[in-house]
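Undergrad: Chain A is already provided as a structure; the job is to place chain B on it using the hints.
Chains as they are written, first to last, in our numbering: chain A, 1 to 113; chain B, 1 to 114.
Listed next, the in silico EDC-like pairs over lysine to aspartate or glutamate satisfying Cα-Cα at most 20 Å (straight line):
1. B:K52 with A:E101
2. B:K101 with A:D98
3. A:K13 with A:E75
The hints are simulated quantities; they were obtained by calculation from the structure and are not laboratory data.
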Amino acid sequence: KAGVTQTPRYLIKTRGQQVTLSCSPISGHRSVSWYQQTPGQGLQFLFEYFSETQRNKGNFPGRFSGRQFSNSRSEMNVSTLELGDSALYLCASSGGLDWYEQYFGPGTRLTVT
Amino acid sequence: DAKTTQPPSMDCAEGRAANLPCNHSTISGNEYVYWYRQIHSQGPQYIIHGLKNNETNEMASLIITEDRKSSTLILPHATLRDTAVYYCIVRPDYYGGATNKLIFGTGTLLAVQP
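For reference, chain A alone in the conformation it holds in the complex (with noise of 0.2 Å):
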């Protein structure tokens, strides 16, 4: 099966901007969960949306947010970049008979100048 995809792959930004990052779940799967990644911090839970509806959040501040569309695919949005939000961002997909599985994509590299 087709795994799970996000857009863009890399990515510059100048701090001030806001960015966009796209998930496209694995074909059935419900739950899109969104991780980010730094040499500092590790990975990190920033929030989970199931059927549309955010189901847990991380200790991210307002900036970081994110959505679930009817079709399971899901943006997440960050505003006013820090230079600080610099990172890998990873999404992961789950449900169908493997539930316990989280199938992460490649992740998006967000640099913030």
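TA: Just chain B now, kept in the frame of chain A:
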């Protein structure tokens, strides 16, 4: 915070078994032990999970102690492609109303040597 403790790094000779330990002394009765790995610059990959019985799949074996306070992931015949960061994660039973939230610790960097 992560509920697991792992050694920061380990080496293993190619073809030999790699045994990766994990301590989770505060694990609750309804929490599972999950293992993921992350090969450099890729998204994490699920390996295996278990509650209290030993588990085996095509990738690895998971040995959980009787008191469930620690576990060991075993890669029976490590290859160079198994070089990765391995994460041990404690997670509540999905059907217990919990979410898919995973709390990653710092993991163990396994270096498989030729």
